[in-house]
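**Student:** Hints in hand, dock the two standalone chains.
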Amino acid sequence: MRTFEYLKPTSLKEALELLERYGEKAKLVAGGTDVMVLWKKRAISPEYLISLRNVPELNFVAYDGGLKIGAATPLRTIELSPEIREHFPVITDAVSNLGSVQVRNSGTMGGNICNAAPSADSAPPMLVLGAKVAISGPDGERSVPITEFFRGPSKTVVGPREIVTHFSVPRPQPNTGAAYWKHTRRKAMDLPILGVACLISFQDDMKTCSAASIALGVAAPTPMRAYKAEAFLAGKIIDEATLDEAGAIAASEGSPRTTIRGSAWYRTEMIRVLVKRTGMMCRDRAKGAAGR
Amino acid sequence: MSLGVVRSQAIGTSIERRGTRARLRGDTHFAADLNIAGVVTAVVLRSDRPHALIREFDPAAAKSTPGYLGVFTWRDIPGRNRFGIINKDQELLVERKVRCVGDPVALVVAETEEAAQRALSKIRVVYEDLPAVFDPEEALTDAAPRIHEKGNLLGRRVVRRGSPEEALKHSDVVVERTYTTSFVEHAYLEPDAGLAYIDHNDILVVHASTQNPHYDQKDVADLLGLPEDRVRIIQEATGGGFGSKLDLNVQGFVGLAAFLVQRPVRMVYSREEAFLATAKRHPLKIRYKSGANRDGRLTAVDVTIIGDTGAYASYGLAVTSRAAVHATGPYEVPNVSVEAIFAYTNNPMAGAMRGFGVPQMAFAHESQMDLLAAELGLSPLEIRRRNALRIGSQTATGQYLTASVGIGATLDAVASRWEEARVEKQSTRAFVRRGVGIASMIYGIGNTGMQNPSTAQVELGRDGFVTLYSGAADIGQGSSTVLVQIAAEALGLKPDAIRSVIADTAHTTSAGATSASRQTYISGNAVLDAATKLHNVILTEAAMMLKADRGDLELRDGSVFLRSDPGKGVSFKDIAERASRTGLPLKWQGYFDPDTTPLDPETGQGRPYATYAFATHVAEVEVDSLSGEVRVLKVTAAHDVGRAINPLNVQGQIYSGVAMGLGLALMEEFHPGVTESLKDYHIATAADMPAVIPIIVEDPEPTGPFGAKGVGEPALIPTAPAIANAVADALSARVYNLPMNLERVLKAGISVRSAEKEKSCQGY
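Which chain is which? The protein sequence lines are A and B, in order. Position 59 of the first sequence, counted from 1, bears residue number 64 in the working numbering, the numbering being contiguous throughout. Position 379 of the second sequence, counted from 1, bears residue number 1107 in the working numbering, the numbering being contiguous throughout.
So that you can see chain B by itself, here it is in the shape it has in the complex (with noise of 0.2 Å):
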């Protein structure tokens, strides 16, 4: 940068996150906590079948119900019944018949929630079931019930470079494995929830738990048959989202209703809802296999990813391309042959979960790098860094890598604890066996090879403070914050000096999706385009009011100052005045687009992200043998951000990064019907965490605001594939399948028990 500025110190400071203390004290407004006069509630009829066609629905019983407003069908949509993120295949009601347990069949108004489930349990549906498929690969068979007119296959993506079936003829050594995934529930701690009413300018407002409020703007005003600027869409506090939070779930829902009945509704998700009706992470069968040289270089991958999207697409297409784009790992591969084909099957809808498909692709290919380590003797470390891409190193999409690169770096920084951690390993116990694993990751920051935008607003207002708009959307992470430090830096400002306005539709324009790790890279470029704007604004009307040289000023503290006579000055207030009166705008925007470019559908090959982020994770664990309990010990996270904003920040992301992929690689396993809620359905509690040492690693990236990239999703990747191959390192034997279960690694050591028990090796 640069700016005449007096660096303020707002960027890499680890100041307080907007909206923890009202949180702490229990005074944060979330959607369900919304409550206006005349409030009526909505539930939803959802399907008890996979797979039927509605033969028969009679709502007449349910009419007489005390406080009954109206049951709603399809038939009542005004607009139309179609939205989706990327692929518009899902209807808000369905018409014709049901694709999996929990769509939504009906919609029921009455003045309480009691009132309506009461209406509801009285509605009468007749269904005749169909054949139902819950596998994907059975899906794609011709004798496979069609679930879409338009086929069961959602789509197919292509990574092609180089010659990989030649390559790994002439490999040294070949490694190939099949790696499975499961269901995984987002399990955020606010269910879905949200409030709808018409406004006294005729305008459906919609308050709501949301990662997108520009989406859901367009698929409601869609939805409803109404143009884009009679909806307005408010996001609320939101707790936690993770990919489901993207998909329209309860906006569409009380948004109809308040239009129908013209009454404000609302809708608030119990976790068993939240649980049957939205989102779950892609499971992936992985096909995978790798060939590299006595040198220990990866010479080929050849890879099938065969995923399962349930009934619906959601965001099934974005991580049909992520997990590709992926699949060959932090690692220079100069051959490569990716396929990743996804299917519609009758099981729920899985969409965008932390991650998109990578943490699944980390799992296979982190466990492929150990396997080919063991077979060319060399550590685990020592591979990873004689593949590690580096400046100049290309992608397997032929992309030349030319800044921030900071794979080796991450592996120098874990480097130590790896090798002292695999020292320290000694059990007390003989059943007891300790392992260390490592792994890493790369992730592309923003969406996959197309446009994802930002903009933003930054005002200087007449009364000398500055604001800022942005239609991102923070759901827990921080976005807020680390925003307005952006724009604090950029106007020599203390951050808690700037008010900010965030995701409603009526006062911010979007910033795009809460999603693929993109707010910091993206949207601080967009807001750091617009206060850099306002910044010069401020110069040039400072260097007029003072008479001064534009190059003798510097911003400071909401004030312009000369250097070559500190005590003479203007201040911000001076200045708005001033130009309020000339009518000099005071309001400028910022726009950033990545600088991508489409996949070539043949071969996959292109720009898909203009930067990406790193990591490495060292895992410790301890493995019962008998029991098949893994108890993780410690995890050293080291993770390339680029520039840590807000470090602390950066820190929680890490730590919430391992909470999460504790559970993707230990427990969590979602089944349809069977896991309703959290009772059956385990997440890590703070029982089960491990020390966790998070290490930031800056290595600039010259595209973003001032060198940050993102760490969002990173932070997750790497957890779980490091958790195996410390499992692996302990038992002598590896575990193929998410997530490890206490089954599945009982199994995997009941053959390394056996030999132990031959050397008498006694033990309780």
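Extracted from the complex, chain A is given alone in its bound form (with noise of 0.2 Å):
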């Protein structure tokens, strides 16, 4: 039998300790949803497996007007936190549709976003929301903002004696109405062929613009955000036919490829769908929240 030494740290120091112990031998596991993938098809073989369930410091979150998300936190707690699905519905629409209750039991949001795949649901909305990923070493804590994390398919900024902790949200403009669309080929457990998250901050009037931020995943090698339809969208009234063109704009952004989930060319049509009707959702929720 292939084996590895499962080791269950209870403190953030702990693990990093475990961590510089066993360098390259060792590989750090959640909730092992996309780890136990890798290993039964032999992509990996650590020697020990870190698991990061029981360290308190990871699993939490807490919302003050911001929010914090710790990294090994299950998608099913983000899921059902009521704070959560009230002021950033768009994390709930991502963290709701990804894989079955039983994944998302397991599966972490730091887990999805470090295993860094163009795919994570999770991805965009943080994208969108201008998130800090908090990451941890041995020369302490750093902060790197979420549009600067992702170095690649499976690539972060992550070194290997590092851990990431917790994701800080911060609090939203007011009038602001954000949406996560994904698209895919069937209703329930499924990759997205094409992940749209979009976020708009409206004037007083609730219809012009203030300022729009776009993500798009599976349309380039990693997540990524569509700043030319954001700029475009910013000081505009949001209405159908401008988002029809910014839709259009994010298209021309995107560099999707042709894979066994999907076209290119069907991709980076959807891309043009899809931005609008989030964009629309977006102005649905904003107008709901102001509402309130």
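These aren't lab readings, by the way, just hints derived from the structure by calculation. Treat the hints loosely; a few may be bogus.
Stretch-level coverage of chain B by chain A, calculated; a stretch enters the list once three of its residues show a Cβ under 8 Å from a Cβ in chain A [said to hold, decoys possible]: (1) 1402-1408; (2) 1460-1474.
What the simulated footprint calls covered on chain A by chain B, stretch by stretch (three residues with Cβ under 8 Å from a Cβ of chain B suffice, anywhere in the stretch; the number is not a length) [unchecked claim]: (3) 16-23; (4) 262-268.
The model shown is predicted, which means the values in this text are computed figures rather than measured ones. Glycine included, every Cβ here is placed at the ideal spot set by N, Cα and C.
**Tutor:** What follows is the structure in structure tokens.
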């Protein structure tokens, strides 16, 4: 049997020490929904698996206007958080349709982000929310904007002796709505063909866009922002025609590939369609939030 | 039935399926759960080339692996290294060349799976790649690489009747289109598994997940050069098969390994191996030309079918014939020309899969019916009614239908939902379009134009209990329950009073394959035959013991009573005890072979099946014209099953047929080497399922057991065409290729959307 030693640190300090001690021979694991798949496919064969399940510093949701989510917080906990559902429904959109309930009970947001797949559902919401990634290492803690976090498919800025501890989401501007759309071949248990997150802040007229942010999953080697489309929307009245145009601009920013999950032309077409849809959802949600 | 039986009411009753509770509790043993002392593991080294000669094979490095027991090649096969259900064109371990990715090159046996895999990884194979061909039409050209010695043509089936060319020339409308379908994976819940050992009587015992134990027995015996009675196949609880477990998958490997290493050997396919190494549904290319007159009646069809059977035949010839015979659908067509040609390619093997080519053909003929209806200004329901087969109709093969032709009844059964749905189909959002589609089917029960008998035994034991012996593999569809219900009805017993011994070649005789929707009709009749014989013996004995007239006796709950004096009777136990003293046999054999004739090789005329099932589905869909997404909202499914022995089981088949049909329609496409597992190969989930309204139509089949026919495959067949017709209705544009995936639906809808935009129809 191929084996590994399963280590269960109970504090961040201990986890960092273990990582320091075993270095290359060790692999961090939280829910195991990605790591164990790789292990079974023999893509990785670590001697030590360092579990982050029992590290309390990594498992929490804290809301105080802004939001902090521990990296080892199960996706299901995030999905069921009433504060997140009310104030950051774009996150709920993403995590509530990721895998199955069983997968979400096990998988974590840190795992989803650090695996750095172009299809990671939680990445586009974090990108539009302007999240920061907190990373701890032997030299202390650092904070990286998520826009600078991904370095390529399965590649991030996290060093071999570092652990992502949590994600910080700033308090959104007033009159803001955000939404994520996961486009799939079937209605459940699927990876996205394309993921689109959109966030729009409105001026007090609730019509004019003061700032917008658009993020795309599976449109490029890493989750990405569509900066040109965002710039186009700033100062515009948000309506179907404007969003149509923003969708077309965003589509020109993506560089999707043809894979078994979807053709490049189809993905490009869907960026156009879904930027508009998520944009309209932002408007509805901003109005809903303002009405409360 | 003129048996002197008080109806036990075992028929038409939704009794619990045998084995349900054990399955729900997790107590059921599947082949992969079996574990006996000293068991070792076998794994197969498979080709990663589609077409190549084996130049070198060097297992030396594997031998030092701890736990290594052996690496075996074709040279180690003691018997005939050829198998296959119809054509013996498969090698258990290839001899000279591989013909597809996944072809078995060597069998590795070791103490553990881990050791076996490690040993396998050390084997060195040097291949010399050969040109490969992946398109069946290309495969039939002279320039194509030759895959088998006999050439790349698997077979051809022609059905000809009347003067189709002439009739098409004079038809008021003619529609011609070309349809294609994809490779489809069965995706049964339980990947293939088996365990083999040599027992104390020196018999090779193979426990396996299988649909066809008696065929397995023969091919395993031949592979090993053993007489058949030295091989025993025991079917374990089987988690679905859908046709793929008709092939010899693990049985030959575990049998060979146990024979060679003289240890118990197990083998369990991973999902990836089940995807790689087992049969798929045949992709068909169907050119279909139909003619009709202004009165709405079909005049002729001219159909060419090209099939890709991949590297091996498996059930390919059966699919060739069945596709050709079913090309006209459930309609009267006076002039017919059908030619089906199936070729070998270097694709994975295609074989039996729920419907044997008929789901593909139904997609074509039902699309054609809607296209003709549009040309003629008829509603899709009406054109089907005008052409539906009825009593006295002749089929495309010239067979007169004399009874149980329920196609009209299934159309009637869905008519009200069809009309309502067409009125209701308004959508709330401009870009979401609603559509309603209807599709019908005919399905011949049993094998095509050949003998396919079943046998069974029913025994009254000395303890007074009745035992049913049947070789029919219950693969989850519920045949064991239905067969017991038939025996119970014939003997005046409650079904739970009957014991059963199922699908063990040491204790049961052949019931033929669990395929072609044949077990209820054919094995049901064999069971009924056996039970009737036993019933008669019981009556005779009871008449003697009670000194009564046979006509005055009735069987009820394990006793025989006098009708004229219900207080007086004799129990089965007393009868059995007396019979055992007098030496009277109480185990009786039943037999049934449906009344068929072979098809004429030139014209395809004949009587391919003794009876047919009919069905009509209505599908209601919502199509997102901007993304190509199709949501199936409701499927109303009417099935003429002759008689529903177990209505809940029939409904279960219909639900599962809709689920599988939805996958075939919208998302299932197997790409060799790419769709490796359920991660990339999409089957419908519960979230994709529509509301399903099953409607059971009973137009009894006089030759069926208590009137029953079959439903296993019919449940699937009309689903994809009904969805296709609904999508076409929604978009006013048709998709001619299955699956109707997002890209295809979007493309079909793009023209319509441009037109809508003109009308400033906005939406998101």
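**Student:** Is the listed coverage of the region 1402-1408 of chain B by chain A valid when you require three or more residues with a beta carbon under 8 Å from a beta carbon of that chain?
**Tutor:** holds (count 4)
**Student:** Check, residue by residue, whether the region 1460-1474 of chain B contains three or more positions whose beta-carbon lies closer than 8 Å to a beta-carbon of chain A, and give the verdict.
**Tutor:** holds (count 4)
**Student:** For the region 262-268 of chain A, do at least 3 residues have a Cβ located nearer than 8 Å to some Cβ of chain B?
**Tutor:** holds (count 4)
**Student:** How about the region 16-23 of chain A: do at least three of its residues have a C-beta closer than 8 Å to a C-beta of chain B?
**Tutor:** violated (count 0)
Taken one by one, the earlier hints fail for this structure only at number 3.
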